[in-house]
Every structure is written in structure tokens, then in C-alpha cells.
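Single-letter residue listing:
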Amino acid sequence: MKSKLFFLLLAVMSLTLVLACSSEEVEEVATEVEVAKESKDDHEDHSTLEEVLERGSLKCGVNDNLTGFGVLTSAGSFEGFDIDYCKAVAAAILGDASKVEYVPLTASARFEALGSEEIDLLIRNTTWTASRDRDLGNDFTATTFYDGQGMMVYADSGYKTIEDMAGATICVLQGTTTELNLDDRFKSAGLDYTPLTFETNDPLQAAFEEKRCDGWTTDKSGLASKRAEFPAAAGGPEALVVLAETLSKEPLGPLTRDNDSEFYDVVQWVVFGLIQAEESGITSSNVAAMAADPKDPGMARLLGVPYGDGKVADFSFGVDPTFIQHAIKAVGNYGEIYEKHLTPLGLTREGSLNAMWTNGGLIYAPPFR
Amino acid sequence: MDIFIDKLSKLSRSQRNRNLFYQLLFLILVGFFANYLISKAMQLELTLSHFESRSGFGISHTFLKDYTSNDSRWSAYFTGVINTIRVSLVAIILATLLGTIMGVARLSKNVLFSTIAYLYVELVRNTPLLIQIIFWQIIFLKLPRITEALTFGSTVVVSNRGILLPYAKPNEDVNSNIFVIVLLFITIISFALSYYLNKKEDIDGKKLKIQNYNINGSLAGTFVFLILSVSTYFILQRPFVLDLPSLYQNSKGTYLQSGGFEFTPEFGAILFALVIYTGTFITEIVRGSIQSLSKGQTEAAQSLGLSNYQSMTLIILPQALRSIIPPLTNQFLNLTKNSSLSVVIAYPELFMVSRTIMNNSGRALPVFFLILFTYLSLSLIISLFMNFINRRVTRIGA
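So the protein lines, in turn, are chains X and P. Per my numbering, the first sequence starts with residue 16, numbered consecutively. Per my numbering, the second sequence starts with residue -2, numbered consecutively.
From chain P, some residues computed to sit far from chain X (all C-beta separations above 12 Å):
1. Leu94
2. Tyr115
3. Phe149
4. Gln208
5. Lys292
6. Leu303
7. Gln307
8. Ile322
9. Leu369
Straight-line alpha carbon distances no greater than 30 Å define the calculated BS3-like cross-link-like pairs of lysine-lysine that follow:
10. Lys139/P / Lys175/X
11. Lys249/P / Lys264/X
12. Lys166/P / Lys202/X
13. Lys202/X / Lys249/P
14. Lys139/P / Lys249/P
15. Lys264/X / Lys355/X
16. Lys62/P / Lys202/X
17. Lys175/X / Lys264/X
18. Lys334/P / Lys139/P
19. Lys175/X / Lys249/P
20. Lys62/P / Lys166/P
It is worth saying that the hints were derived from the structure and are not from the lab. Note that the structure is predicted; figures quoted are calculated from it, not measured. All C-beta atoms in this analysis are idealised placements derived from N, C-alpha and C, irrespective of residue type, glycine included.
If we strip away everything but chain P, and leave its shape as in the complex, we get (with noise of 0.2 Å):
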């Protein structure tokens, strides 16, 4: 006994031992405690077998997918993601869009367009998104009321239920699937052609030239793609027909819009916000990628006789893209992320379906992981997306 207490003080002794010894011990802890947490959570119903179940409740936004309340509430929480994914592409391209225009401006030699871009960054950046969005379903909502709807003909009606311009519908008599189909062959084929004939022209080094004609890869597939979508639309019998707005009066005096493409007063304040709110940390993305070129190469551009513009695109932002897109991927999970703030102006995204679904049902944490698991593969698919970009860019620049 006294020898294995002489070995237990020995063994104390040494600073390893007793860290060890620590470290085991919180293991331990840790062990214990995961334990707990699911074994409660063991006793809660974690399967989400009651998503089979008729939902029961309306969706005022659908997309793509046609959802009633008779459907289960998967029909439902779908509808939801594919608002979400609505916004957040739509959001994503036109912030892109913007910040790149206002981190340029923001350089720009000309006081008012920096000045602009300046006072754009830094009002909008300090400002918490929640009021953004809410500020501009307040602006939406002062557009017309029904009652009072703008009609410019019959092609475009504006109210605060929404703004409804002309756009393309199926064809009830024919079938339209097989014609969006073919158009996303025929799409396949242009890029390939003209990514093809571009390609052979810079191995071969001289125009390509058919009967002393040059011809060039993106026009030569523009040509393709709009001569062959056109002749398959008159072949197919013209499977889309114009959808044009209309604005009337039921029987029961209930002012009523309907057709086109609706662009709604929930869906624009949600656009509008995310966009101009991401568009200022894109701005100061891009001015800061700009900035961390050397002046050399501006300067080159210019001796070179390079106007402003095309020193830009053709030399400045090429390379500034290298350090522009990580901290931009970063953006882009953010504008996804916060898309599901506009649950407070009932523009019925992934979250706010989930969480009526939550709430018909009363299970809260299988939906919950339901949603965590969704935008975590959202954000996935962005990075995933972005980093091959990425790659591409870094390849070509290096």
C-alpha cells in the first residue's frame, strides 16, 4: 500500500502527469455532459414524420411550385426554401453589381461621384438591417393602393399589392417542359461553340475566316443560340405565350390584379434592403482590392494609352478580382443568412414557413435542425461555388 502511495506522489510530481491527469478529468466532464444533452434529447420525438401532414396554411408567395394548403407541409417548407433561394440570388448578383459600381466611384478622380459613393457607405453600413428592411416595406407600401393602381395599357400595372409587368406563360396547349429543355441544350451547345472557336483562334493565332469573312467565337454563338431557340419555339407550336397584366373589379367590387411577372411589396423591400445593405461592404471590398495594387499598374495603363475604362476592366479589376472574391464569399453567406430576417414583413421565406410549421405542430427541434441543415447546405453550395471560382481566377491571373 505504501509503495503504491510512494509511486501515486512520484507520478504527481511531474508537470506532465498532473496535465495530463486535468485533461483526462475534463474529458471526462465533456463526456458526461454530451451524455446528458442527448439523453434528454433522446426522450424528445426527433423524426419529422409529421411533415407528411396537409400543412393547413396559405403561402402568399409561391415560385416555381405550385403550393395550397392541402399539400403536406414538405410542399410548404420547400415553398419556403425556394424563396429563400430567390431572394438571396437575385440579392446577390444586384449587390455584386452595385458595390463594384459604387468601390469604383468611390476612387473615382470626379468629387461627386466619391462623394456619393462615400456618403452611400456610410450611412447604409451603420445602420442595422432590421429598420432597413422594415423602412423600405414602409416605402413599398405608399406606392398606389389597388383602388388607385397606375396602368400604363395593359402592360403594367404598379400598386402597394404589387407591380406586375409582362411576362411569358405557358402555352396550355402545348407542352412547355420540352421546350425549356431543349432550350438548355441548345444554350449548352452556343457556349461550347463559341467557347470552342474562341480557344482555336488563340492556339492558331490569326482570326478564324470563312470565305474571307472573320468571324468571331460570341458572336458566332450568339447567332446559334438565338436561330435555333427561335425556329424550336415556331416548331414546338409556340409553347410560351405573352402574359400581360390586368387589373379588375369581381362581381363582389373586390379590386383584384393578376398575370405577368408580380414583383410584390415584400419581396422588393426585402430585395432592396439586402442588396443596398451588402452593396456597401462590397463597396469597401472592392475599393480596398483596388487600393493594394500598386500604382504601377495604373500608371503602366496609362502610358500604354489606355483610356480610364479600359485600364479598369482590362487591367485594375482582372487583378484586384484575386483579393476581391474570398472576402466577397464572405458576403454572399451573409446576405443568405439575413434573408431570413424579412420573416417581419411577411415575405414568407425558409424560416418563417419553418417556424409556423413549428408552431401547427409543437415540435420545435427536429424543425430547428431542419433549418440549421438548410442554410448550412446553402452556405455550403455558395463557398463551394465561390471557391472554384476562386480557383479560376487565381490560375488565370497567376
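Looking at chain X on its own, in the form it has when it is part of the complex (with noise of 0.2 Å):
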């Protein structure tokens, strides 16, 4: 019996010991320059770049249930303007842009998904705010589309502003901007509103469709999509306006992990080449050519190709110079996705922020040198 306690004793006190040395440990790391060092220690470990060059597949948390943007279709695939970006940056990087593995992820589980590795990227109609930057350790690399909220009602409730709605009740997204934005445009306005707070799309349809709420707000592309394909027998797409009024400022576009600046810089890149592509005239269906046959030392320093006799210019992203090539491939330049998936829902982009900079709009890349 005392032996047993004898040991059980020891067992006890070597477990203190072993924890009150490592508690030492933590302290001493605990100054802040070390716990820098550490975190930045910690990724260069496992670039993000690296493990998708290993695993050879893009795991990129996506929206599944938003026409134009990503949705899951009835034939099993996904397609979008966000899952373009997908494609693009797999094809990128790995040269394939079949090689991407779809999370679909709900608006208040995206950025843990994104934290916790799960996924790799994260272009999931996500809005680009300071405290988002800040809190949420993440990156925001670039907007591909520039959205603000707006407020969607019945044609019929004769509703022109939002002054218009004082009392309403309004069906919003859980966990995003849109809810905050909604209470500070109602409270400066000094109007009562009852916010109804969903954590998914389809309930929220399901009771704007019973006009349980007089109005549904969220970003304005995310609405277009949505009155798109207002189901006929609510009244389909005649039944609805969108207020003219925007309520915020909406950047949207990818996100990758904090600290993670190879990753980051590939896809910031692939995003900016995409929009360089459009102004420079290259194609999803001319690019082979031009590759080929380059009109300018810009055109071949974007798609990776010698110009004359000279060298190839390697931006040393850690990825094939060619990346921005193989994305154009994938999907074409921006114009070319914007076309294909944007305009179908009556998102006109000439006067709007995405148009092009030499047109007046905000799109813009840096220059490739």
C-alpha cells in the first residue's frame, strides 16, 4: 500500500515538474517578438503554396447556393464567377483546372474553415472589411468584384427608398456585414425595423416568399442572382425590384491565411493578370497565339514567354512563369468570366464600379514588371 503511494507520488511530481518547466518555456516565448518570430517560424513550415503543390489538388471553400457567383448544379458540378477564381488559381499553379476540391461553406463558417486549414482559399462573396483584416487572421488579396448591399421588395408594396420602410420587416444573412449595415442605415434614419436573422438562404427564401419579411437585403449581385431565379410560382423575377439606394461598400474576392505570403502573392497575381489580360486584348481563345507570338515585352513578361531572343522574365512566385497563361486558358480574362456569369443575371457592367479603369470603372491591375 505505501509503495503504491510512494509511486503515485512520483508519478504526480514528475508531471508538475514536466509542466512548470515547459510553463516556463511558454513564458519566455511570450514577449512579443518571439511570438512573431514563432508564428511566422510555424508557416514557414508548411507554405500553403507548397502543400498544394504536394497534395496537387486546390481545396477552395466556396458559396454553393448563389447564382453567378457559385452554386452546386443539377448536374453535380459547381460553377460561378467565385469558382472561376478556383479554376484559375489551380490551373495556375498546378496546370490543371480540374484540379480543385469545392468546400462549400456557410457565411458564418467560412472563416473558421479558412483558420483551420480545412481549406487552402477562400472565394466565397466575402467582403472586404478592416476588421476582418485585423481579427480574423486572414488576407484579403484583391476584389474582383465590387459590390454594395442592397434591399430587395415586393413590386407591389410600392417601396421606392428605404425611408419608404419604416416598421418592416427585413430577412437578413447571420454573421455577415449586411446585418450591421442594416441596423446603422435604419438607426441613422431613425426608423424602427425588425431584423429576421437567418443562418442559410433557403429558410430565408422560404419566408420572403410568404412575405413574412417585407424585405430581403444582402450584397446587390447576391440579390440579382437571387431574383433571377425567383421561383414563378411567388410571382417569379417580375414581382421583385431592387432599391436603387446602396447601402455599403462591398469589395469582394479572395482570402488566403495571414502569414502566408507565397500563397498569398500567387493568387493576388493571378487575380491582377486576369484583369491585365482583358486590357491587353488576350483571350481564353487567343492566348495560345499570343504566346506564341507576343505583341509587346509586357504582353510576354504576363504570359511568361521570351520576347525576341531576350530571356523569359521569372517573377519567382514559386509557380511556373507561365501561371497567368494557364489561368487565361482555364477561363479567360476577366471580361470573358464576368460575360459568362454576371450578365446572364442582369448585373450590366459598363457604368458600373466593374468596369473596366480606361472605362470609367474601378478595375484596375498593377502593372507586370
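Once you've looked at the hints, go ahead and assemble the two chains, each given alone in its own frame, into the complex.
Okay, structure coming up:
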């Protein structure tokens, strides 16, 4: 009996010792510099770019229920504007646009999925905000679509502005900036309202169809997509109008994890590359011809091919220098992607923020140099 | 050195020593793992200080508590907690009633009753709760739209924005809080009185009489309660007045309904789903407990000439209660935890509100701890209460 107790004591003591020793270590590394250094080391251990190359596929967090941006079709494939960016990144890194594993995510689960390395890249109509950039452990790469929050109402309601909607019930998705912008807008106008907050779009739409709420607010792109496919039984697209007012700035784009600069750079420059391709007039159909005979040194740099007898300009992104070429081949330039997915929803590009900078829009890529 | 190795090999020959060694090794590994987790968690910010800041989002269902988006995140959080308690409490009471009735019906000699109870249990128990919640949401959304809302005079408004019933509201001219406190006192006094009178009757073994009139303790308590509360109501100059629901259009043409007690489709859906789902399990518990009693009990009750109703309420159920309470506690706990599923149908309970806060603040871990702690507290309170009842029931029965 005595010896048993003794061994138990010994075990407890050694455990305490182990914990004490290592907790000292924790205190030591607790200084800010060391923490920063450690977390940097942490990420150097497994850069997402290396991981993707090793795995041979890209895990892309997407929406599966937003026509035009990301939707799971009845044929079982993913389609949309955001999906094409997943494909473009996969084509740029792996040379094959089909090497994407799509992970459908809800709005409230998406950041956790990225942070916990469940996915490599998040392209799920996600708005770039300061607090998200700061607090959520991720980095916004670039804006692919300039959106703004809008309000959709029934045409027969007679609402023309937000000011008309005093006392209205508004359907909104949970865990989004939308919910906060909505409150800001109604609060600052001194209007009462009741928010009905849903976790996913399907029950929200069910409630809206039964006129449980007077308005439905989300990004205008999302509203356009929901309006376009509004069931005929509930009145079809004509029964709905999106109010002209824009409640907020909502720049959407792909996100990577913090401190993952190699992968971040690749994603960012794929986005810029597709914009530059449109500006230079390179499309998915003529990219092969352009690569064989680039018109100017700039185009040669973009496509990763030699100009004249010169050498290939290597940007050392850790991927093949022709990565933009692969991306264009797979999905086309920015304009082509937009035409294919967003124009059918009624989101006209001319005159909007998403027009080329040469046409008065905001779509602009830094130089490839 | 050789002696040392020799000793070591001798030591390792003993089964007991080897076991101890492995256990020690395992313990150290567990220690290292725990230490790793703790050190990782230390790097995160684990405080809840951000709960002091403005919440910035609205909540559709507020009960017993005023909340606006200008209030703190704590305020939003407690609004969610109250919503969870509200739906759980009402659902627990109704599910117990439904389960008891169905449990008795299940054993009824009437084929219609027993078949209905049987079908109810088998159909509802074998489908997922989440789907039932969505089902009830769709059903409630099929109520008339607000533009076609049904009104019954100015007493009831029925639409898919909510069913409004007449209710009491505080009179703005008078302090109504005093009335609530006084009412609480009156209730306690009345209960104490009826308890005392009933006890006295038991101990004396004869009816209490005042001037040849029989006095029943429970009746006397009710009488005192009514007299006192009504007179206080008028003495305090009507602290509560009738709140009738109304349906109207504002200047912009928006249909609005307000006033009275509001029963919203979201609350209705989660309440119905929880009551009907949990009711099946309670039905089976009640049936099992009744069947576990010796058949002699029913026969004895019958031979005493008691009616079916009397033998059920006086003989069978009181005895069955002893084996009903412990599994019933389980069901109550399940029901409370299942209420978090209402996140899918826009009923803003604890989990939903916390998730919104989590998303806005980006600090998932501490908020998750808070959610777990809150559900744990709710469960422990239910368990404590049920254990208290259990002790009473077992003691009285013994």
C-alpha cells in the first residue's frame, strides 16, 4: 500500500516538474517579438503553396447556393464567377483547372474553415473590411467584384427608398456585415425595423416568399442572382425590385491565411493577371497565339514567354512562369468571366464600378514588371 | 555500473513495475499534450472584454428585456439566453403534459386512443428533429399574409408575422413593478396558508371548521389570493391595463401589427417541434413506468371500486412517478440543448446570438467557452431541480 502511494506521488511530482519546466518556456516566448517569430516559423514549416503543389489539388471554400457566383448545379458540378477564380488559381499553380476540391461553406463558418486549414483559399463573396483583415487571421488578396448592399422588396409594396420602410420586417443572413450595415442604415434614419436573421439562404427565401418579411437585404449581386431565379409560383423575377440605394461598399475577393505570403502573392497576381489580360486583349481563345508571338515586352512578361531573343522574365512566384497563361486558358480574362456568369443575372458592367479603369470603372491591375 | 544494470533488469522483470513504467510514460505524454494545448491557447486572446462594446445588430425576439443595437454585446447575449430559457421552459411543461397523456393513452383499452398514441410515437420519434423544425416553420408561414391577416374584433390578429392575443401591459402612470413584487408576496402567503391548513387537517385528523362551515386549505388559499391581489390591483390604481392587439397601415403603406401577446411563427415552430419530438420520448417513459408496476395495483384499485380515472391518478401515476423522474430529467436536458437547433429558422436564441457576436468580433474560442458554460449552467439547474423533485417523490412513496 505504502509503495503504491509512493509511486503515485512520484508520478504526480514528475508531471508537475514537466509542466513547470515547459510553462517557463511559454513565459519566455511570450514576449511579442518571439511570438511573432515563432508564428512566422510556424508558417514557413508548411507554406500553403508547397502544400497545394504536394497534394496536387487546391481546396477552395465556396458558396454552393448563389447563382452566378457559386452554385452547385443539378449536374453536380460547381459553377460561377467565384468558382472560375478557384479554377484559375488551380490552373496557375497546378496547370490543371480541374484539380480543385470545392468545399461549400456557410457565411458564418467560412473564416473558421480557412483558419483551421480545412481549405487553402476562400472565394465566397466575402467583403473586405478592416476588422476582418485585422482580427480573423486572414488576408484579402484583391477585389474581384465591387459590390454594394441593396434591398429587394416586392414590386407591389410601393417602396421606393429605405425611408419608406419604417416598421418593416427585413430578412437578413446571420454573421455578415450586411446585418450590421442594415442596422446602421435604419438607426441613422431613425426608423424602426425588425430584423429576421437566418443562418442560410433557403429558409430565408421560404420566409420571403410567404411575405414573412417586407424586404430582403444582402449584396446587390446576391439579390440579382436570387431575383433572377425567383420561382414563378411566387411571382417570378418581375414581382421583385431591387431599390436603387446602395447601403454599403462591399468589395468581394479571395482570401488566404495571414503570414502565407508565397501563396497570397500567387492568388493576388492571378487576379491581377486576368485583369491585365483583358486590358491587353488576351482571351481564352487567342492566348495560345499571343504566347507564340507576343505583341510587346509587357505581354511577354504577363504570359511568361520570351520576347524576341530575350530571356523569360521570372517573377519567382514559386510557380511556373507561364502561370497566368494557364489561368487565361482555363477560364478566360476578367471580362470573359464576367460576361459568362454575371451578365446573365442582369448585372450590367458598363457604367458600374466593375468596368475597366479605361472605361471609368475600378477594375485595375498594377503593372507586370 | 553492472550492478545498476543488473538491478534494472531485475526491476523490469516484475509485471507490476513494468505496468507502472508504462502508466508513468503515458501520464507524461498526456501532460505534454495538455501543456501544448494550454500554451497554444495562451497565445489567443481569451478575455470577454469585447462584450462591453456596442452590439450593432438587431434581434427580432425580445422578451422581458428591452434591447436595441446600441446596447452592449452582453445585453444581446442575455436577450439570447432569455429566449432559450423561454422556449425551453414552455416546451418542457407542454412536452410533459403531452407525454403523460399519450403515455396513458398508449395503454388505453380504447383501440382508437392507443393507435393514435402508437402512431404518434413511431412517426415522430423516427424522423430527425432538424427536419421537423423546418417543417413547422413552413406550416406556420402558411398562415395568412399580413395583407390578408385575420382579425377577430380587436382581440386577436392572425398572420404569418405572428398571432397576437390580448395581454396585460404596464400602466404608464403607475409604478407597475411594486405590483409585481406585492403579487409575489401574496402568492407566497397564500401557498403558505393552504399548506399550513392542509397540514393541520392531516395532523388533527378532522375537518377544520369555522362556525360549522368546513374549510378546505387549498380553497382558502385561492380565496385569500384572489381577495388580496384584486384589492392590491385597485389600491395601486390599476398598475396593469388590457393590451389589445391591432393591425394597421402606416403612412407609407406598410402593414403593421402590434400590441398584445405575440406568438411568432419562429417561436411557434421551435416550440411545436421540441414539444412534439420530446413528447414521444416522454410517452415511452410514462408507458414503460406504468407497465413496470405490478398488475395487482390496478386490480386492487378496481376491487376497491375506484373508477379508471381514479385508479390512474390516485394509484398508478403516483407510483410510476418514481421511475419516471430520472429518465425524464434526461429528456428535459436534451430538449434544452436541442433548442439550439432553432438557429436555422431565425429564432434568436443563445447559440444564434453568440454566433453573430463571434463573427463580428472574430474571437471564437472565448465565446464558445461562454456558450458551453451557459448550456452547462442551464443543464445543471434543471438537474438540481429534478433531483429535488425526485427526492420528494421517492420519500413520499416509500
